[in-house]
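2 protein chains.
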Amino acid sequence: MKASGFHTRHLVVVGLGLMGGSLALALRDHADTITAVELSLEARQYALDHKIVDHATDDLRAGVSEAETVILAAPVRAIQSMIERRIGSYLRSNTLLIDIGSTKQDICEAMGRLPVGIHAIGGHPMTGKEHSGVEASDGKLFRGRPFVLCPTRRTTPATRIRALNLVEAFGAGPFEMEADRHDHLVAAISHLPYILSSALVATVAQEGKADATVWELAAGGFRDMSRLAGQDVQMMGDILSTNTQAVATLLALFRVQLAMLEAMLISRDDQKLADFLRPTREARLNWIQHHENGHRNGSK
Amino acid sequence: MKASGFHTRHLVVVGLGLMGGSLALALRDHADTITAVELSLEARQYALDHKIVDHATDDLRAGVSEAETVILAAPVRAIQSMIERRIGSYLRSNTLLIDIGSTKQDICEAMGRLPVGIHAIGGHPMTGKEHSGVEASDGKLFRGRPFVLCPTRRTTPATRIRALNLVEAFGAGPFEMEADRHDHLVAAISHLPYILSSALVATVAQEGKADATVWELAAGGFRDMSRLAGQDVQMMGDILSTNTQAVATLLALFRVQLAMLEAMLISRDDQKLADFLRPTREARLNWIQHHENGHRNGSK
Chain A
0 MKASGFHTRH
10 LVVVGLGLMG
20 GSLALALRDH
30 ADTITAVELS
40 LEARQYALDH
50 KIVDHATDDL
60 RAGVSEAETV
70 ILAAPVRAIQ
80 SMIERRIGSY
90 LRSNTLLIDI
100 GSTKQDICEA
110 MGRLPVGIHA
120 IGGHPMTGKE
130 HSGVEASDGK
140 LFRGRPFVLC
150 PTRRTTPATR
160 IRALNLVEAF
170 GAGPFEMEAD
180 RHDHLVAAIS
190 HLPYILSSAL
200 VATVAQEGKA
210 DATVWELAAG
220 GFRDMSRLAG
230 QDVQMMGDIL
240 STNTQAVATL
250 LALFRVQLAM
260 LEAMLISRDD
270 QKLADFLRPT
280 REARLNWIQH
290 HENGHRNGSK
Chain B
0 MKASGFHTRH
10 LVVVGLGLMG
20 GSLALALRDH
30 ADTITAVELS
40 LEARQYALDH
50 KIVDHATDDL
60 RAGVSEAETV
70 ILAAPVRAIQ
80 SMIERRIGSY
90 LRSNTLLIDI
100 GSTKQDICEA
110 MGRLPVGIHA
120 IGGHPMTGKE
130 HSGVEASDGK
140 LFRGRPFVLC
150 PTRRTTPATR
160 IRALNLVEAF
170 GAGPFEMEAD
180 RHDHLVAAIS
190 HLPYILSSAL
200 VATVAQEGKA
210 DATVWELAAG
220 GFRDMSRLAG
230 QDVQMMGDIL
240 STNTQAVATL
250 LALFRVQLAM
260 LEAMLISRDD
270 QKLADFLRPT
280 REARLNWIQH
290 HENGHRNGSK
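Same order as they appear, the protein sequences are chains A and B. Taking numbering that gives the first Met the number 0, I'd label the letters of the first sequence as residues 0 to 299. Taking numbering that gives the first Met the number 0, I'd label the letters of the second sequence as residues 0 to 299.
A pair holds if it fits inside one copy or across any two, identical chains being indistinguishable in the list.
In silico DMTMM-like pairs for lysine to aspartate or glutamate, Cα to Cα no more than 20 Å straight-line:
hint, residue 1, residue 2
1, Lys-128, Glu-291
2, Lys-208, Glu-177
3, Lys-271, Asp-231
4, Lys-128, Asp-223
5, Lys-50, Asp-31
6, Lys-208, Glu-281
7, Lys-208, Asp-274
8, Lys-50, Asp-137
No wet-lab data here; the hints were simulated from the structure.
Excised from the complex, chain A in its bound form (with noise of 0.2 Å):
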């Protein structure tokens, strides 16, 4: 791991599933108290009893009114709810807020309206894992990994300098851009893949009404393209609805390619249909070997 220019006195982690859990213990050794604020008492117990955090309450107030540095790792509505109802007169002043939800806009926006002197800063590890909950929390699940950080209006200078320095604690590559044009980009990558993996499995799912064979001749194919829609729906609601001018146009884009496809299909156009799907490939094989790459050698 790259030394690292960052150190806390007091971090506080707001909200313990896998995304808090991991950030705590990539932090372990940048801080010097982590405190945990977790309305559920077995998350709580358990980062405690595995030592991923210092001090856990369920009191918002009483948790950060002493932190240098808090991280809001909440879904998003819960995120936005806590910046724009509560959190700025808790906070002290020159305070480091960073969150992690999956949106940027409307966070990046209520972090905005803040207090003068809170130092925000919105914040997206592009990572995650196929088991949710603290108990699956991993330190080394940033590492190599994309962090995007988006300026608000109490993104000052120093600001920025302070969470670039977490970014890089965390092993991870900063990706810093405007809010609007993160939403954008993730409704391409992560936001549509999960419309259409939900749609996909809609899709079966009728067929499965009338010929229920259909679900046990499913094998590799369907279980990649189906993982997705096995996502939380509460968060995925959430994300979605913070974001749905970006999801609707990548919608009206994706159905732009669907339909290409269609027509060489249905009019058997066999070499146009390969012509479309070659550099596709291509551009995929180009893409998985870059990432696994970018994986596998750590920090990039």
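Here the structure of chain A is known, so what remains is to put chain B in place on it, guided by the hints.
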């Protein structure tokens, strides 16, 4: 492994890729002699060197002339062409002829025009592997997986028994059905997913022209959803062009589901959206549980 009644004097596998090699390995103890027919010298040499087969030739007529059992393990169009143009006159009466092509209607129709006396039946093992080529051969590839059998006009009751014994020798679970039903089901779980994966990659590639960062941020969700787009274009083109009607039907059904999701999204009807996504998620979770249990237990 269960005891199997299948034994053959002389097995011929036509086509030495992942599937052909795996079929030969799986039947090692069920055949006195195994011959491969394959145009590639390298593949033949590899299979001989690794004792996957006993003999290898590039001459279809010479290869199959003494066969008791012939398995056609080539791409769909190549199988169809062999059946239509040549193999009927090369085979001895009473030979069991089975194929493993991914679509069954065209192949089974062609089989129905073979000389009377040839025991022909369509087959499709619902399995696969990330890697292709004879080097990836795996004798356990079929264990615990479905193996579809589709009757033809050259399928007698005796043909059926021989084919069922063959499937048992693979450790696979037989699913007997008409070719058109097979083609409709695989359109839903295999060909539609391929088209969606390709259209998704094409959409992201279009986005990438305006903002190449989209490739940098793509993570696990996109990896799964784009994998099928990396499949061999010639192979998939064959499959799609021999299953146009079913694929077009499934595309139309998919668009209905997609349009419903889109309407809920754009109208910001979060409740309806959740009501749609929840049973979809359940269907996926139920399937994966069943699928992985089936896999663990080996033969069903």
